[in-house]
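When we follow the working numbering, the leftmost residue of the sequence shown carries the number 1, and every step to the right adds one.
Since the hints were made in silico from the structure, they are not lab data. Please note that the accuracy of each hint is not assured.
To be verified - List time: in silico SDA-like cross-link candidates among lysine to any residue, alpha-carbon distance up to 25 Å: (1) K44 / W20; (2) K42 / D92; (3) K2 / K44; (4) K100 / R86; (5) K44 / D10; (6) K77 / H58; (7) K2 / A43; (8) K31 / E69; (9) K42 / W60; (10) K2 / P21; (11) K100 / R68; (12) K31 / I59; (13) K100 / E69; (14) K100 / L88; (15) K44 / L73; (16) K42 / W20; (17) K2 / F13; (18) K2 / A22; (19) K100 / L41; (20) K31 / E49; (21) K42 / D10; (22) K42 / H81; (23) K2 / Q34; (24) K44 / H58; (25) K42 / R86; (26) K31 / R48; (27) K77 / V40; (28) K42 / R68; (29) K42 / C14; (30) K42 / S32; (31) K77 / D92; (32) K77 / W60; (33) K42 / E5; (34) K44 / D92; (35) K2 / K100; (36) K2 / R48.
Values in this document were obtained by computation on a predicted structure and should not be read as measured data.
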Amino acid sequence: LKSNEATSFDFLFCLTGVDWPAHMEVVYHLKSTQHQHQLVLKAKINSRENPEVATVCHIWRTAELHEREAYELFGIKFLNHPDLRRLLLPDDWEGWPMRKDYDDPINMIAY
Numbered sequence: 001l002k003s004n005e006a007t008s009f010d011f012l013f014c015l016t017g018v019d020w021p022a023h024m025e026v027v028y029h030l031k032s033t034q035h036q037h038q039l040v041l042k043a044k045i046n047s048r049e050n051p052e053v054a055t056v057c058h059i060w061r062t063a064e065l066h067e068r069e070a071y072e073l074f075g076i077k078f079l080n081h082p083d084l085r086r087l088l089l090p091d092d093w094e095g096w097p098m099r100k101d102y103d104d105p106i107n108m109i110a111y
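All chains, full assembly: derive it from the sequences and hints.
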């Protein structure tokens, strides 16, 4: 997608995780600064217990912090990421706060 002259998606401007009841998902928002078109790409992850997907840091450098945030909030592991550690939360934080199964006794939301 990035190196193809017809598409030239050279900019990853957003990456996020989604927690569905039966699976997890990573959503990539790509843009071509040359052609001025955009693409939303979704990767379904069937394992909720151990969600993993390959990193795209070697393709789009902007993915590095986006992937760290998705790991921190959803627990999605990005395989071969150069620095997959927490970004904002303390190192001793337990759980994945954006997942529907996260136990938060203060802000209880039923799904």
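Tested hints:
1. For the proposed pair K44 and W20, the alpha carbon gap of about 10 Å is at most 25 Å, so the pair holds.
2. Taken as a hint, the K42 and D92 pair is broken in the structure, with Cα atoms around 30 Å apart against an allowance of 25 Å.
3. About 21 Å separates the Cα atoms of K2 and K44, which keeps this hinted pair within 25 Å; it holds.
4. For the proposed pair K100 and R86, the alpha carbon gap of about 19 Å is at most 25 Å, so the pair holds.
5. Only pairs whose Cα atoms come within 25 Å are accepted, and K44 paired with D10 is accepted, the gap being roughly 22 Å.
6. For the hint linking K77 to H58, the alpha-carbon distance of about 16 Å falls within 25 Å, and the restraint holds.
7. Between K2 and A43 the CA atoms are separated by roughly 17 Å; this keeps the pair inside 25 Å, and the hint holds.
8. For the proposed pair K31 and E69, the alpha carbon gap of about 20 Å is at most 25 Å, so the pair holds.
9. The hinted pair formed by K42 and W60 meets the criterion: a straight-line CA distance of about 16 Å does not exceed 25 Å.
10. Distance check on the hinted pair: K2 and P21 sit about 32 Å apart at the alpha-carbon level, beyond 25 Å; violated.
11. The straight-line distance between the Cα atoms of K100 and R68 is roughly 19 Å, inside the 25 Å bound, and the hint therefore holds.
12. Distance restraint check for K31 and I59: the Cα-Cα separation of roughly 13 Å lies within the 25 Å cut-off, and the hinted pair is therefore satisfied.
13. Straight-line distance between C-alpha atoms of K100 and E69 comes to about 17 Å, which keeps the hinted pair within the 25 Å bound.
14. A distance of roughly 20 Å separates the Cα atoms of K100 and L88; the hinted pair therefore holds under the 25 Å criterion.
15. Proximity of K44 to L73 is assessed by CA-CA distance (about 17 Å); at most 25 Å being required, the pair is judged to hold.
16. Proposed proximity of K42 and W20 is supported: the alpha carbons are some 13 Å apart, at most 25 Å.
17. Only pairs whose Cα atoms come within 25 Å are accepted, and K2 paired with F13 is accepted, the gap being roughly 13 Å.
18. Proposed proximity of K2 and A22 is contradicted: the alpha carbons are some 31 Å apart, above 25 Å.
19. Between K100 and L41 the alpha-carbon distance is near 22 Å, which keeps this suggested pair within the 25 Å criterion.
20. Under the criterion of a C-alpha separation no larger than 25 Å, the hint pairing K31 with E49 is inconsistent with the structure, at around 32 Å.
21. Note on K42 and D10: the hinted pairing holds, with a Cα-Cα distance of about 17 Å set against a maximum of 25 Å.
22. In summary, the hint linking K42 to H81 is supported, as the alpha carbons are separated by about 19 Å, within the 25 Å threshold.
23. At roughly 11 Å between alpha-carbon atoms, K2 and Q34 fall within 25 Å of each other, so this suggested pair holds.
24. In summary, the hint linking K44 to H58 is supported, as the alpha carbons are separated by about 20 Å, within the 25 Å threshold.
25. Pair hint K42 plus R86 holds up; C-alpha atoms about 23 Å apart against a cutoff of 25 Å.
26. Distance hint between K31 and R48 is unfulfilled; the C-alpha atoms sit about 29 Å from each other, more than 25 Å.
27. For a cut-off of 25 Å, the pair hint linking K77 to V40 stands: about 20 Å separates their Cα positions.
28. Taking the CA atoms of K42 and R68, the gap is about 18 Å. The hint holds against a cut of 25 Å.
29. Taking the CA atoms of K42 and C14, the gap is about 12 Å. The hint holds against a cut of 25 Å.
30. A threshold of 25 Å between alpha carbons decides the hint, and for K42 with S32 the separation of about 17 Å falls inside it, so the pair holds.
31. For the proposed pair K77 and D92, the alpha carbon gap of about 17 Å is at most 25 Å, so the pair holds.
32. A threshold of 25 Å between alpha carbons decides the hint, and for K77 with W60 the separation of about 17 Å falls inside it, so the pair holds.
33. Of the pairs offered as hints, the one joining K42 and E5 holds, with about 22 Å between alpha carbons and a cut-off of 25 Å not exceeded.
34. Our distance criterion of 25 Å between C-alpha atoms is broken by K44 and D92, whose separation comes to about 29 Å.
35. Of the supplied pair hints, the one linking K2 and K100 is violated, its CA atoms being roughly 33 Å apart against a limit of 25 Å.
36. At most 25 Å may separate the alpha-carbon atoms for a hinted pair to count; K2 and R48 exceed this at roughly 29 Å.
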